[in-house]
Amino acid sequence: MRRIVRRVAIGLLAVLAVYLVAGNVFLNTGIGPWAINRKPERFTLQWSHGLTWWPGQVALWKVEARGQVRRVQWSARADHARGRIALLPLFSRELRMPSIAADNVDGTVDRVDTELAPPPARDGGWTLRFDRIATTSLTGWRIAQLSLATRGEASFGIIKQLRGGPLEVLPSQAKLADLRISQGEQVLLKDARAEATLAIARHRREEAPGLARLKFTDARVQLQGTPSGMGVDLDSSGQWRGRLADLAGGTLALDLHWRRGEFQPGGHLDLSLPLDASRGATHVSDQARLRAQVNDADIAVQLELPAPPESHGSVHADLAVSGRQLILPWQANTLLPRVSGTVDLDWRFDSLSWLGPLLARAPWLTLNGAGRVDAELKVAGGRLQAGSKVEIPDVQLSALLAGHQFRGQARALGRIDEVDGTPRARVELVLPSYEATAAQAADQVLVQGKDLRIDMDAPDTLHSFRDSAQVRVRFADASVPDLRTINAWLPTATLELKGGRTSVGVDLELDATGGIERGRIGIKGRATRIRLGEIALAGDFDLDADLDNTDLAKRHFNLDGTRLALRNVSMADADRAAGEKWWARMHLKRGRIDAAAPFSVNANVNLEMQDVGLLMALFMRHKEYPGWAIKLADKGNLQASGLLRAAQGAIIIDHIEASNDRFDVKARLHLANKRAKGDLLLGWHALALGLEVDGQQHKVHLLKSRQWYASRPPLIDKSMP
Numbered sequence: 001m002r003r004i005v006r007r008v009a010i011g012l013l014a015v016l017a018v019y020l021v022a023g024n025v026f027l028n029t030g031i032g033p034w035a036i037n038r039k040p041e042r043f044t045l046q047w048s049h050g051l052t053w054w055p056g057q058v059a060l061w062k063v064e065a066r067g068q069v070r071r072v073q074w075s076a077r078a079d080h081a082r083g084r085i086a087l088l089p090l091f092s093r094e095l096r097m098p099s100i101a102a103d104n105v106d107g108t109v110d111r112v113d114t115e116l117a118p119p120p121a122r123d124g125g126w127t128l129r130f131d132r133i134a135t136t137s138l139t140g141w142r143i144a145q146l147s148l149a150t151r152g153e154a155s156f157g158i159i160k161q162l163r164g165g166p167l168e169v170l171p172s173q174a175k176l177a178d179l180r181i182s183q184g185e186q187v188l189l190k191d192a193r194a195e196a197t198l199a200i201a202r203h204r205r206e207e208a209p210g211l212a213r214l215k216f217t218d219a220r221v222q223l224q225g226t227p228s229g230m231g232v233d234l235d236s237s238g239q240w241r242g243r244l245a246d247l248a249g250g251t252l253a254l255d256l257h258w259r260r261g262e263f264q265p266g267g268h269l270d271l272s273l274p275l276d277a278s279r280g281a282t283h284v285s286d287q288a289r290l291r292a293q294v295n296d297a298d299i300a301v302q303l304e305l306p307a308p309p310e311s312h313g314s315v316h317a318d319l320a321v322s323g324r325q326l327i328l329p330w331q332a333n334t335l336l337p338r339v340s341g342t343v344d345l346d347w348r349f350d351s352l353s354w355l356g357p358l359l360a361r362a363p364w365l366t367l368n369g370a371g372r373v374d375a376e377l378k379v380a381g382g383r384l385q386a387g388s389k390v391e392i393p394d395v396q397l398s399a400l401l402a403g404h405q406f407r408g409q410a411r412a413l414g415r416i417d418e419v420d421g422t423p424r425a426r427v428e429l430v431l432p433s434y435e436a437t438a439a440q441a442a443d444q445v446l447v448q449g450k451d452l453r454i455d456m457d458a459p460d461t462l463h464s465f466r467d468s469a470q471v472r473v474r475f476a477d478a479s480v481p482d483l484r485t486i487n488a489w490l491p492t493a494t495l496e497l498k499g500g501r502t503s504v505g506v507d508l509e510l511d512a513t514g515g516i517e518r519g520r521i522g523i524k525g526r527a528t529r530i531r532l533g534e535i536a537l538a539g540d541f542d543l544d545a546d547l548d549n550t551d552l553a554k555r556h557f558n559l560d561g562t563r564l565a566l567r568n569v570s571m572a573d574a575d576r577a578a579g580e581k582w583w584a585r586m587h588l589k590r591g592r593i594d595a596a597a598p599f600s601v602n603a604n605v606n607l608e609m610q611d612v613g614l615l616m617a618l619f620m621r622h623k624e625y626p627g628w629a630i631k632l633a634d635k636g637n638l639q640a641s642g643l644l645r646a647a648q649g650a651i652i653i654d655h656i657e658a659s660n661d662r663f664d665v666k667a668r669l670h671l672a673n674k675r676a677k678g679d680l681l682l683g684w685h686a687l688a689l690g691l692e693v694d695g696q697q698h699k700v701h702l703l704k705s706r707q708w709y710a711s712r713p714p715l716i717d718k719s720m721p
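Under the numbering used here, the first residue of the sequence shown is numbered 1, with each subsequent residue one higher.
Since the hints were derived computationally from the structure, they do not count as laboratory data. None of these values were measured; they are calculated from a predicted model. In this text, a Cβ means the ideal position worked out from N, Cα and C, and glycines have one as well. Heads up, some of the hints might be wrong.
[As the list claims (entries may be wrong)] Here are the simulated lysine to aspartate or glutamate pairs, DMTMM-like style, with alpha carbons at most 25 Å apart:
| id | residue 1 | residue 2 |
| --- | --- | --- |
| 1 | K581 | D664 |
| 2 | K215 | D298 |
| 3 | K160 | D106 |
| 4 | K677 | D573 |
| 5 | K699 | E534 |
| 6 | K623 | D664 |
| 7 | K674 | E624 |
| 8 | K704 | E657 |
| 9 | K699 | D573 |
| 10 | K677 | D694 |
| 11 | K39 | D113 |
| 12 | K674 | E534 |
| 13 | K623 | E657 |
| 14 | K175 | E64 |
| 15 | K623 | D611 |
| 16 | K589 | D664 |
| 17 | K215 | E195 |
| 18 | K389 | E428 |
| 19 | K589 | D717 |
| 20 | K704 | D661 |
[As the list claims (entries may be wrong)] Computed beta-carbon distance windows for the label pairs:
| id | residue 1 | residue 2 | range |
| --- | --- | --- | --- |
| 21 | W354 | D477 | 30 to 40 Å |
| 22 | A672 | T422 | 55 to 65 Å |
| 23 | T422 | Q173 | 49 to 59 Å |
| 24 | N24 | W126 | 23 to 33 Å |
| 25 | E206 | R42 | 18 to 28 Å |
Turn these sequences into a full structure, and let the hints steer you where they fit.
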């Protein structure tokens with residue numbers, strides 16, 4: 001019997017000796033890291049040296065673990081770590097370490113750009129079970145730009161099955177003393193202490209990816225400390241510059257309890273932040289306060305922010321968020337419907353650029369520059385209530401309308417009115433003076449004016465205003481400083497504006513993206529001088545254009561219904577028109593401008609003219625007509641219709657047919673590069689005259705002139721769209 005016992009003892013000692021040799025060789029050569037770090041992009045474990053003195057008992061020195069989960073990289077370091085590995089569970093594919101103790105622990109957590117996707121789930125994965133990873137000497141941690149220095153203790157437990165299996169975080173806790181939180185060289189919180197607990201119920205990745213894991217989480221965080229204060233100074237440009245400052249009097253007290261998807265009643269946040277502001281020789285110290293309280297049915301939030309020195313104003317908010325749930329993914333349009341309360345704001349902002357995206361979905365409307373905002377808001381269920389109002393006395397405004405950039409200093413007024421028992425939000429933007437330029441030529445002023453108004457109307461929900469706002473833009477009697485700037489859009493070889501006094505007015509209705517849904521534009525010209533081909537004209541005009549169904553993206557302008565009135569039209573060449581002045585009225589039954597290159601105009605026109613003299617003068621000087629033909633020029637008003645086209649540097653009129661009870665006229669004319677080419681037919685009872693023009697050459701047809709005109713080819717196909 002003794003021999004058997006001795007042999008067993010010798011055998012066990014031999015096994016132990018083999019284990020000690022193999023185990024320590026494993027820990028102190030490259031074999032250990034090679035076996036463990038098979039997927040270094042996901043997990044690595046390094047140490048300087050190690051020791052195992054009993055099966056399952058391991059000690060490591062200078063330990064560093066690194067890993068990445070999706071976009072989160074982490075690392076942990078310890079001077080010394082020791083633990084026990086349960087051997088029997090290894091036979092059932094489970095690595096169980098009932099306890100791990102570490103000394104002088106610190107670590108990091110960072111978010112990186114490159115995502116490491118988890119491997120596809122499959123059966124047969126090993127189970128990792130670490131019941132208790134503990135330290136009584138936690139010295140610090142860095143989370144992105146935040147650094148935590150402390151004296152603390154923590155314990156953490158986790159169970160994870162590899163290959164996409166379930167995860168569970170066992171009840172864990174941490175206690176931190178002498179906590180100091182900083183960002184770079186700036187201290188955010190000092191002399192703090194914190195306690196936290198965490199547990200996550202067993203679940204699979206597909207059940208709760210990412211932050212959705214919070215619905216399986218129980219956690220509590222308690223934090224008390226002294227926050228740094230905020231110092232602000234007014235710089236030479238008139239803007240407030242903020243800085244963190246070591247000011248006395250700040251307090252932070254936080255106690256939040258989270259259980260399976262919602263905050264628990266009794267949680268609270270109390271923050272008192274000391275402020276120190278300087279403006280020249282004036283110096284003011286005050287406190288900003290933030291308080292949040294988790295109640296049975298809601299979360300109450302209160303904010304108080306005093307005004308800077310020599311500035312009136314402050315911020316007071318008293319809000320309640322219904323429910324205690326945190327809806328993920330967190331978005332403003334899911335939070336706002338839960339918000340009720342009041343906000344009183346009177347504050348000067350260094351930049352108001354954040355207002356533009358609140359008002360308009362597309363960037364056609366922008367607000368910039370520093371400015372003061374005075375607001376009294378009443379909110380119920382995320383909806384502004386009647387009586388709410390906002391005023392911005394002065395803000396830089398830029399609006400992109402129909403390819404033109406309008407700029408000026410604006411006054412903004414917003415209010416909630418009750419219409420038929422329903423609140424509606426209305427915003428009024430008024431520019432006492434403004435300038436407009438082409439979007440692609442911002443240094444050339446096209447229009448100058450006063451009193452441009454932009455009115456916006458929408459349901460009062462804060463998060464949907466920019467998507468549902470109806471917009472109206474109006475201005476009148478804006479001047480065009482130099483009419484010749486419009487020549488950039490005209491076929492100047494044929495039509496050129498020379499000068500005159502011109503004013504513009506518009507009334508547009510826009511959608512939320514800045515597109516024109518309907519509207520009108522009015523242009524008035526006085527003593528306007530133009531060159532049409534080689535003919536110099538002068539006179540007055542009034543244009544009233546309908547802009548319904550305009551496509552700004554493609555720069556297509558629908559001019560159906562446009563009306564043009566001409567008065568006091570004269571020609572500089574006395575031989576061509578004998579010093580007469582005419583009037584004419586034009587109505588576009590159908591009209592379209594394609595302003596994108598290549599520029600083109602197509603229109604179906606009805607005309608009423610004082611007489612035929614103006615049309616005759618476009619073809620040939622009056623003195624070159626037969627005497628009976630000249631007598632037609634003063635035989636009364638006539639009605640006409642025809643087609644107009646402008647494209648490729650040419651202006652074409654065709655199918656002109658005019659008549660009254662005494663005579664009839666037909667015409668077609670092609671103007672390009674100061675050269676006129678066309679046909680004219682004048683009929684008076686039994687008499688008729690045909691005129692063929694080609695530049696300076698004129699050919700008169702007196703015999704069978706009507707047949708001649710009918711045989712001539714048209715310049716525009718009547719079937720054009």
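Right, here's what the structure says about each hint:
1. Restraint check for K581 and D664: satisfied, since their Cα atoms lie roughly 21 Å apart, inside the 25 Å limit.
2. Taking the CA atoms of K215 and D298, the gap is near 18 Å; set against the 25 Å cutoff, the hint holds.
3. Only pairs whose Cα atoms come within 25 Å are accepted, and K160 paired with D106 is accepted, the gap being roughly 23 Å.
4. As the CA atoms of K677 and D573 are separated by approximately 19 Å, the hinted pair is consistent with the 25 Å bound.
5. Under the criterion of a C-alpha separation no larger than 25 Å, the hint pairing K699 with E534 is consistent with the structure, at around 19 Å.
6. Annotation: proposed proximity of K623 to D664 holds, straight-line Cα distance about 20 Å (limit 25 Å).
7. At roughly 20 Å between alpha-carbon atoms, K674 and E624 fall within 25 Å of each other, so this suggested pair holds.
8. Between K704 and E657 the alpha-carbon distance is near 18 Å, which keeps this suggested pair within the 25 Å criterion.
9. Using a Cα cut-off of 25 Å, the hinted pair K699 and D573 holds, with the two alpha carbons roughly 21 Å apart.
10. Between K677 and D694 the CA atoms are separated by roughly 4 Å; this keeps the pair inside 25 Å, and the hint holds.
11. Restraint check for K39 and D113: satisfied, since their Cα atoms lie roughly 20 Å apart, inside the 25 Å limit.
12. Between K674 and E534 the alpha-carbon distance is near 5 Å, which keeps this suggested pair within the 25 Å criterion.
13. Note on K623 and E657: the hinted pairing holds, with a Cα-Cα distance of about 23 Å set against a maximum of 25 Å.
14. For a cut-off of 25 Å, the pair hint linking K175 to E64 stands: about 22 Å separates their Cα positions.
15. A C-alpha spacing of about 17 Å is found between K623 and D611, which places the hinted pair at or below 25 Å, so the restraint holds.
16. Restraint check for K589 and D664: the C-alpha separation of about 22 Å stays at or below 25 Å, so the hint holds.
17. Straight-line distance between C-alpha atoms of K215 and E195 comes to about 21 Å, which keeps the hinted pair within the 25 Å bound.
18. Note on K389 and E428: the hinted pairing holds, with a Cα-Cα distance of about 11 Å set against a maximum of 25 Å.
19. Distance hint between K589 and D717 is fulfilled; the C-alpha atoms sit about 17 Å from each other, no more than 25 Å.
20. Simply put, K704 and D661 have alpha-carbon atoms about 22 Å apart, close enough for the 25 Å limit, and the pair holds.
21. Taking the beta carbon of each, W354 and D477 are about 34 Å apart, inside 30 to 40 Å as hinted.
22. Remark: the range hint 55 to 65 Å for A672 to T422 is upheld by a beta-carbon distance near 59 Å.
23. A beta carbon spacing of about 52 Å between T422 and Q173 agrees with the range 49 to 59 Å that was offered as a hint.
24. In this structure the supplied range 23 to 33 Å holds for N24 paired with W126, their Cβ-Cβ distance being about 24 Å.
25. Judged by the Cβ atoms, the range 18 to 28 Å given for E206 and R42 holds: they are separated by roughly 19 Å.
Violated hints are absent here; each numbered hint is respected by the structure.
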